[in-house]
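Could you build the full structure based on these sequences and the hints that come with them?
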Amino acid sequence: MLDIVPITALPDTAVRQCLTEAGEVDLFLEPLDRPLPQGTMAAVVDEVVVGVGWLMPRPEGLQLDVRVHPRHRRIGVGAALAQHLAIPTETMVARCDSGHRSAIQFVEGLG
140 MLDIVPITAL PDTAVRQCLT EAGEVDLFLE PLDRPLPQGT MAAVVDEVVV GVGWLMPRPE
200 GLQLDVRVHP RHRRIGVGAA LAQHLAIPTE TMVARCDSGH RSAIQFVEGL G
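Just so you know, my numbering puts 230 at position 91 of the sequence shown, and the rest follows in order with no gaps.
I should point out that these hints are in silico values taken from the structure, not numbers from a laboratory.
All clues stand as given, with none of them false.
Each pair of labels, with its calculated beta carbon distance range: (1) Val-232 <-> Arg-155: 22 to 28 Å; (2) Gly-178 <-> Pro-150: 15 to 21 Å; (3) Pro-176 <-> Ala-218: 18 to 24 Å; (4) Arg-234 <-> Gly-178: 15 to 21 Å; (5) Leu-166 <-> Asp-142: 28 to 34 Å; (6) Gln-177 <-> Gln-244: 25 to 31 Å; (7) Arg-155 <-> Thr-230: 27 to 33 Å; (8) Pro-176 <-> Pro-227: 16 to 22 Å; (9) Leu-166 <-> Ala-225: 23 to 29 Å; (10) Leu-249 <-> Pro-198: 17 to 23 Å; (11) Glu-163 <-> Ile-214: 17 to 23 Å; (12) Arg-234 <-> Pro-209: 17 to 23 Å.
Please read all numbers here as calculations on a predicted model, not as lab measurements.
From the three backbone atoms N, C-alpha and C, an ideal C-beta is built for every residue, glycine too.
Laid out in structure tokens, this is it:
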């Protein structure tokens, strides 16, 4: 079962491990050189962090950033994080690298 929980409810090492392993495989991801923003959420399956998502304020709206562990992609983890983070009254922006096919499909699937 997939649960979406605040990262503050989890050990920092579990969150960082997911982010590190996602970044090792996905060279398109921007490195994280700052603390995760308040309100960052984690997707957890069987007590393992499998995805992390957050919103960052930008002039054009709230920018969605979702990172999913490679072994848990394409099964709805990113979409569940995006849905949980969405604020209906706010404009959300999601970006991806033009050469990253699966990220393009993910962003297009968000609408």
